Structure formats: structure tokens, C-alpha cells
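Start from chain U and add chain H according to the hints.
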Amino acid sequence: MNLIYLVPLFPLLGFLINGLFRKSLSKSLIGIIGSGAILASFIVSIILFNDVRTNGSMIVSYFNLLDIEAFKIPFAFQIDQLSVIFLLIITGIGFLIHVYSTAYMNDETNEHFGRYFSYLNLFVFSMLLLVMGANYVIMFIGWEGVGLCSYLLIGFWFKNNTYNYAAKKAFVMNRIGDLGFLLAVFWILAKLGTVNYGEVFASTVKFSASDITGITLLLFVGACGKSAQIPLYTWLPDAMAGPTPVSALIHAATMVTAGIYMIARSNVLYTMAPFTQTVVAIIGLATALFAATIALKQNDIKKVLAYSTVSQLGYMFLGLGAGAYTGAVFHVMTHAFFKALLFLGAGSVIHAMHHEQDIRNMGGLKKHLPITHISFLLACLAISGVPPFSGFFSKDEILAAAYLKNPIFYYLGAIGALMTAFYMFRLYALTFLGKFRGTEEQHHHLHESPSAMTIPLIVLAILSVVGGFIGIPEIFAPDAHMLEKFLHPIFAQSDSIKELHHLDRSTEWMMMGGVSVLIIVVIIIAWRKYSRTEQFVASHGIARTLENKWYVDELYDNVIVRPVTGLGSVLKNVVEKAGIDGAVNGVGRFVHYSSRQLRLLQSGQVGNYILFMVLSIVVLFLVFWNQPQIAHFLEKIF
Amino acid sequence: MTDFFILMKQELIIMVIIFILLAIKIGRYRSNEWLLDMVNLLLLVNFAAGFFFNKEGMLFNDMFRTTSLIVLEKNILSLGILIISLQSYSWLKNHKHVLEFYILLLSTLLGMFFMISSGNLLMFYLGLELSTIPLAAAANFDLQKKKSSEAAMKLIISSAFSSGLLLFGISLIYGTTGTLTFTGITTHITHDPLQLFAFILLLAGFAFKISVVPFHLWTADVYEGSPVAVTSYLSVISKGAVLFVFVSVLYTVFKPISDSWYNMLFLLSVLTIIIGNLFAIRQTNIKRFLAFSSIAQVGFILVGITGTSQLGTTSVIYFVLIYLFSNLAAFGVVSLVSAATGKEDINDYKNFYQTNPVLSWVLAIGLFSLAGVPPTAGFFGKFFLLMSGAGQGNYFLITIAALNMVISFYYYLRIVKAIFMDANDHPIEKLAIPGFPKIALYMCVAGIVLTGLVSYLYDHIHSLTQVADTVPFIGK
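The listed protein sequences correspond, in order, to chains U and H. Once you know that position 232 of the first sequence is 232 in the working numbering, the rest is easy, because the numbers rise by one and skip nothing. Once you know that position 422 of the second sequence is 1422 in the working numbering, the rest is easy, because the numbers rise by one and skip nothing.
Same shape as in the complex, but just chain U (with noise of 0.2 Å):
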């Protein structure tokens, strides 16, 4: 109970230390303070999981941070289930990735790591009380504070210039989220009075239909800038330019579903609000259909990854606007394990070919890199979504919700899931089957990462293949949705609010049936299509042998690849770089053309400024002359 502040405090001292320290200490030490730090987090968390399955959940009060007579907002921890388990996501996968870094970070000098090391903790730390907060104002703390940590660290190597461009626009992408986060809180402060959750939510009866959809919806774009929805999910995959560890922790585990958390927390206001969820579910949709086509035709083994995280959170936003919270947590529990296996694999593959990245010029990778091989498989079948893998479950739990709320949005969802096995097997069989394409030193350099990287690895499948066991679906074994029991407390108030609808059993397998053979299919093609790709890479080198092929896979391309991948294409660049990027670059654009043209007032002539002054004054007069009519005039707008 009391141990709840040690949570934060470990990562937090850690940060202090390796920040203040980094010059004196040496590389291990560095790492041992830093990797330990998450690990006594992560036991407290343990303790805590634990104390609050048998205890139901605390509130604890510190002090406040505000304490003013019109309202207090204390800062207060709220450990129930739903935050116990995004801590134990944190601070257990935290540590497994800050174990990994250390061999990943060791050829970067001893400051360079101590610094790696002290932002990784502080982005622990802030993650943290983003979670830990039982008010939102908490929340916004550790919001602003992961934004921050993820600019220092995708900007980490800081001396290549795309790099920082990146980070700018990482920053400046969470800023307009940021925006729509403040001014519900705003609001729900103007009108309650208290931005505690617990008040808040008990309290929804103050709220007007209006408050509530405006309230909802500022969150929500909230949401989006954090999560990279659209319109706002390009940053993403520039942020990979940062250390791939980083990617795994803050751009696939953690921070980008600080948006799912926001929106799990606040169901209640969700499930009030009809038309935010109808909107939630549709840009969910949208998102991970969009990013899915795109991942289909990138050659960055980063960059695939990138736009399927997009892409799978785009179905955890689908499943939130579905109305089924549980499954959204459990895909972002499961999305958790394989996404950071993913990354974790990436890094290691990344660091055997020494920074390549192109998957063109990988392949046969297999023999080399035989854990990280048998990892990643497992990674791929789970975020495919093969049985009994982990991702089957969740996904499911968030298709089946989808066809309660709209059939075609099961549809679609489906599809989008058979295009995700398709580029997850085309990426892996590009990097680990066939020939090796790279350069004769790199073949030459290709080794198995250190344990250090490998043991984080292993744990990461293993629960990749088997954390879907705590989320069976009624239809295998009734009262066996362990996640569900437990999270129920939290989803109760929404429960009763909304209609329960059940598929029935028939629908349900059907489904569930249907889209896994399909997947498995699909899978199928693109391992076979992909393991034998090098002919066509090294067309000049082997070109007759590759025509034998041709007529299969040139029929192949053209009815089924090629009108997928042109889509994706399409989409990316004209879609994307003129319509999304263009509007962005757009406000920057005329921001700065205004104050272009305010700076002609500014001329230095005192003369000027003070017939300025003069006829401000004049027109200031004028406009107060007609007080009663521009008072009216204001009302009426505003």
C-alpha cells in the first residue's frame, strides 16, 4: 500500500544519478543503474498487481498541488486495475529494453550512454505518472513530460540533420494534440469544478449532451496527436530515426498508447457520448486500413514496422469506438509484447548488418541469426493474428466488437488484417529467408547479437505466443476471460450505461474461422512470393532462371500485389506528402507570412509608433463610442 510512490521514484533517481553522474561512472555501472531502476519498479509493480486483485483499487494522496478554495487537485496516485496493468507493461517491458540497450548503446561513448541512459528513465518516470495520476492535470504532467523525453531521444544522435528534423516534427505534431488535451480539461474544470477521475466520472449528470461530445472530442484529437492517428500520425515513422531500443520502448510499448490509456480511462465519457465513439471508430478504421496499405511497399525494416504500429492503433481506437475497452487494453498488452519483440529483432538484425536497414539488401539471415530469427517468426504470427498466437485473441475481441457496431466496419477490419499478415511475412521473408544480398563484408560481420540482446528477446516471444491466454474469448471456454473479470470494475459504469449485445455463437466462429484461414493463406503467398525474391533484386546477375518464375508471380502481381501496392503508393505520396504534410507546412507558411508582413509597422521610427499609438487610441474610442451595439455584435458571435 505504501509502497506505491516507489514506483516513480526508482526511475526518477535513476535519471538523477546517470544524468549527474554520466562522467564518472563507468558503462556498466551506468547500465546497472539504469536497467535496475525499472527492475525494482517492476517488482513493486508485481506487489502492487497483486495487492490490488485482492484489494481492489487505492487512491493515495500526497499533497497538493493546487489548493485554492474555488477547487484542489491533489497529487494523488489511483492504482486499480487498469493503471496496474499498464504499469506492469512499463515497467516489465522497460526493463527488458533497457537491458537490450545496454548492448545496443555500448559503441557510443561513456557521456553519450550515461545521457542515453538518464532520458530513458525520465521517459520511464513520466510514462509513469502518466499512468499513476488519479487526475488528469497528473496526466497532462506525464503527457508533456514522454513528448519531451521522446524529442530528446529521437533526436539522440543529434549530429544528422534528418534526424532532428524529425524530432521537430514529432514535437510539433503533439503540440496541436497537446491543444485539444488542455482544453478539455478546461473545460471539464469550468464546469465540474474538480478534475479528479473519480469525482468526474460520478458526477457526468452535471454535463450536457454538448459538454459531453466537446469534452470527448478535445480529448480525443488529444488522443490522436499521441497515438498518430489521423491526421496527425506522420511523425511517427519519421521518429524512427532514433535508436531502434527507443522505438520499441516509447514507439510501439508505451507512449503512442498513452492515447488508448486517456481514452480507457475515461469510458464513462465515451460511452456517453455516441457520436465522439462513432467518430473514434471510424478514424480508428481509417488509420489502420491507410497505414496497412502503406506498410505494404516500404524496403525500411524500421519503417514497415512503424506504419503497422500506426496501423494497429488504429484497431485499438477501432475497438475503444466499438465500445469494448477490455479489448483495447488487451491488444495494447499484446501489441506491447510483439511490437517490442519486433523492434528488439529489427535492432538486432540492424546491428549485425551494421546500420543497414534496407530489407532489399538483407535475406538468408536465418542461419546467422538464429534467435532473433525464431523470435521474429513468432512476432509476425502473433501480430497476424494466427491461433492460438496472442495477437488472434485480442484482435478478435476487437473485430467482434466491430461487427456489433457496424458490419462493414468488420469487413473492413478483416481486411486490413490479412494485408497485415500479408507485409509482416513479405518483411520477414525478405530479411531472414532466401539469399543474403548485402555487400561480402557485411556477410562477412554477420553475427548473433550478445545475451544481453538475445535474453530480452526470448522472454519477449515467449509472451508474445502465450499472452493471449488471459483474454479466452466465451466461445472456447466460458468465464475464461481472466482480463476481463479483472478489468471489469473499471468498465462497470460504462456496462450499465450502454446495451449488452453477444454475437452469436455461430457468427462468432464463422468469423473468428473465416479470417484465420484467410490469414494463414495469405501468409502463405507472401512467404512463398518473398522467400525467392532475390532473383528479382539481383535481376541482372540471374535473369533467365527468374523468367521460369515470372508467369506465376507476374499474374500474381498483377491481380492481386500490384493493384494493393499501387494503391499504397498512391496513397503515400500523393495523399500524404501533398495533402497531409502540405496542410501542416501550409499553416507554418502563412504563420510566418503574417508576422512578414506586421514587421513593416515595426520601422524604428518613434514618429511612426506614436501616430500608431495615436490612432489606436482614436479607434479604440470609436469602437467603445457604440458600446451597447459591439457588445451585442460579440454576443452574437461568440
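Hints were generated in silico from the structure; no laboratory data involved. Remember, predicted model here, so these are calculated numbers, not experimental data.
Take a look, some chain H residues computed to stay more than 10 Å from chain U by CB distance:
(1) Asp1003
(2) Leu1044
(3) Glu1056
(4) Ser1163
(5) Thr1181
(6) Thr1186
Only pairs whose alpha carbons sit at most 30 Å apart, straight line, appear in this in silico DSS-like list of lysine-lysine:
(7) U:Lys23 <-> H:Lys1343
(8) H:Lys1093 <-> H:Lys1430
(9) U:Lys498 <-> U:Lys485
(10) U:Lys27 <-> H:Lys1430
(11) H:Lys1146 <-> H:Lys1025
(12) H:Lys1430 <-> U:Lys23
(13) U:Lys498 <-> U:Lys191
(14) H:Lys1343 <-> H:Lys1096
(15) H:Lys1430 <-> H:Lys1145
(16) U:Lys435 <-> U:Lys303
(17) H:Lys1093 <-> H:Lys1025
(18) H:Lys1093 <-> H:Lys1146
(19) U:Lys191 <-> H:Lys1255
(20) H:Lys1438 <-> U:Lys23
(21) H:Lys1009 <-> H:Lys1025
Every residue gets a Cβ at the ideal spot worked out from N, C-alpha and C, and that includes glycine.
This is chain H only, laid out in the frame that chain U set:
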């Protein structure tokens, strides 16, 4: 008679300090270092003395009055001048006219104290003039720099003009109400067009002093040309003092016509925030940048003033205190760099972190707080201002303010990024930080961290404003 000494304690101390300095000037003094130690000690005594033997009351037929709130405001200003004095140590150490500089600065402080304590428009005007004219001389203190003279000239001309506006307004008020005392004006003020015009003239005078758009044009030129010490003084102390008076005059003297000024402030705050931000984005000189960003900050303060009187007063005073720490942290680093290297361009700060990690963090924390990133004090300051504004239900204004807060994140953090992330082959060399400036910087950082977290402070100000609100301002 003892009342006189106790009520005017803070003014008397300043006067004594000025006389001590004059006496030193007549005699001979050993060195600038000795003198600076001496002055800083006196300023510390002045600040500390503000906390003892306080009493509320009035003197000279309500020309002069003091309350706990006014004492607190004066203490904030005393703290500010102490920090600025400590920060300017390196610059003043080699300056020929240290004594004169301090005499000028302290005269302006005296003027501000009288202004804050005034209960009569005439007294207010005298205080305001005393707090402005010596500053123009101080702005010229980089004697060899042409820009410094230009800044002084611009300041004096435009100040004179704004004083003219104020006087015109005051005479119209006198003409229409027949009185100059604040209490008298409150009872007689109406929506009569002539009185409204007088009010607009007064408002313009205030707006000029705190650089509200469209009365802000002098700001950037003067801030850029003046020595950094004067710039920080102008942007923090002068502005703070005028804001204190502005708030109390609006909420008490012009309370009967609050429906009129509410809309004016609404319009001015929107203009100020937006235009201040648009200008700040394009600046390349860091002093000019801070000048424009401080304009936008004033816009946020105006948002707070549109709230109800108690919440408005509290949030403004609280914000000024936070703004003092944050802005002085930023200016303190800029003044050290500028004194040692003469570099003032934002690009010069690239990779500053590599050579000067401590200064980098101080500057970054200051900028974070100015931007309003939680959990620095700046976040809480802005939070209360917006809450105060939101109390009136004008969500359009709050949205504009929040939107601009987000835009300002971008340009404040652009500098943070330059410091920590941009590559630069020739970063500013490692600077030695003398003792006094170091203390001042630590004070600022401690202030930024603590003011936000210790909510007792806000409650304390809140309780003081409550008294000011319920008891009619001029007692007896």
C-alpha cells in the same frame, strides 16, 4: 509620527540607500568590487526588511496608503531588483559609473513604490514619472554603443508622449468628476462619453507602460539597444509595478464601468497575444526575442484581468512573481553570455550545452517556465490566468489563449533545441560564472521550481486580495 515611519518604511529605506550611495560618491571608494558588495548587501537588507513591522493604513489624506497586499507587491519588486543587481555583477564590475547606475535604478524603484501606494491620481502620476525618466538615462548606460543611446532616446520620447496622454486623461477625469482621489472617482464615474474618453486615455497610458499591442512598438527597439540589466529591469520590474497598479485601479476605481473595459481588455488581449507571438517567431536576436515574447506574456496577463476581481488580482500577482523568476533566469544567462562574448544571436547558442551545461539548464528551465510547460511554475501561472479568464465564460478568449500557448511552446523550445541538439563547430566558449550571478541564477531556478509546487503561496496572495476586495479600498 511612528505611523509615518512604519507605513512608509519601504520608501524610507530606499531613500536612505540612495543617500548612502550619494555619500559614498562624495567620499572616495576603493573599488567597483567593494561598491558592488556593498550595494548588494543593502539591497538584501531592503528585501529582508520588507517582511517586518508591517502595518496597514494611510497617510497625507489618502495620498499614500499601504496594505498587506501592497507590501507584498513591493517585496516582489525588491526581490527582483536584488536578483537583477546580482546578475549584472560582471557587466558593472568594469563600468565607470556604477554608483550613478544604482542611484538611477533605485530612484525608479522609489517611484514605483509611491505609485503602488498611491490613492490619488496625482500621486500616481508623480510616481509613474519618477519610475520612468531615470530609466531612460539608465538605458543609455552602454555609453560606447550607438544603439544604447538610440534606445534611451526612443524610450524618453515615447514615454513623454504616453505621459501626455495620461495627463490629458487625468485632467478630463478631474474636469468631469471634480476629484482626483480614487474613492471620489469611483463614486462619480459613469458611462458619460467624455469620461469614457478619459478612461481610454488612461488605459492607453497603462497599455504603453506594459507594452500591450497596439501600444507596444517601442518595446523591441528599446529592449534590444539597452544594456541587458536595463532590459530585464524594464521587462520585469517596471512592467510588474505598472501591472499591480493597473489591476487595482481597474478593479476598484473603474469598477462601475467594468462592462466597458471588459470588452476593451478582451480585444486588447487577443491582439496582444497573437501579435506578440507572430513577432516572436521571427526574431533572431535573443534579447529582441525575449522582448516580443514578453509582449505575448502580457497578453496572457490581460486574459487573467478579464476575470472577476479577486481571482484576477491573485492570478496576476502570482503570475508576475513567476514571470519574474522565469524571465530573470533567461535574461541572467543572456546577460552573462553577452557580457563575456557580446554574442546575442540565437544561432550563437547552438550546442551551448556542450560548453556550458549549467547555464544551459538554467536557460532551458527559464524558457520552459515562460512557455508554461508543466510542472514548472510557469504552467501554474498561466493556468490560473486562464482559469480566471474562464470564470467569465468567455471560451473564445480562452481558446485563443490556449492556442497561442501552444504556438509559444514551439518558439521557446526552438531555443532549447538549439542549445541541446543543434550541431555547431564553434559553440560559445566555457564561461566562468562569478559568485553573485551564480547565486542569482540559483535563486531564479529555485523560484521556478518552488513557486509552482508550494500552493501556500497562491493561497496567501488569495487571502490578501480577499481583504482588499471586501474592505473598501480606502478605509476610515
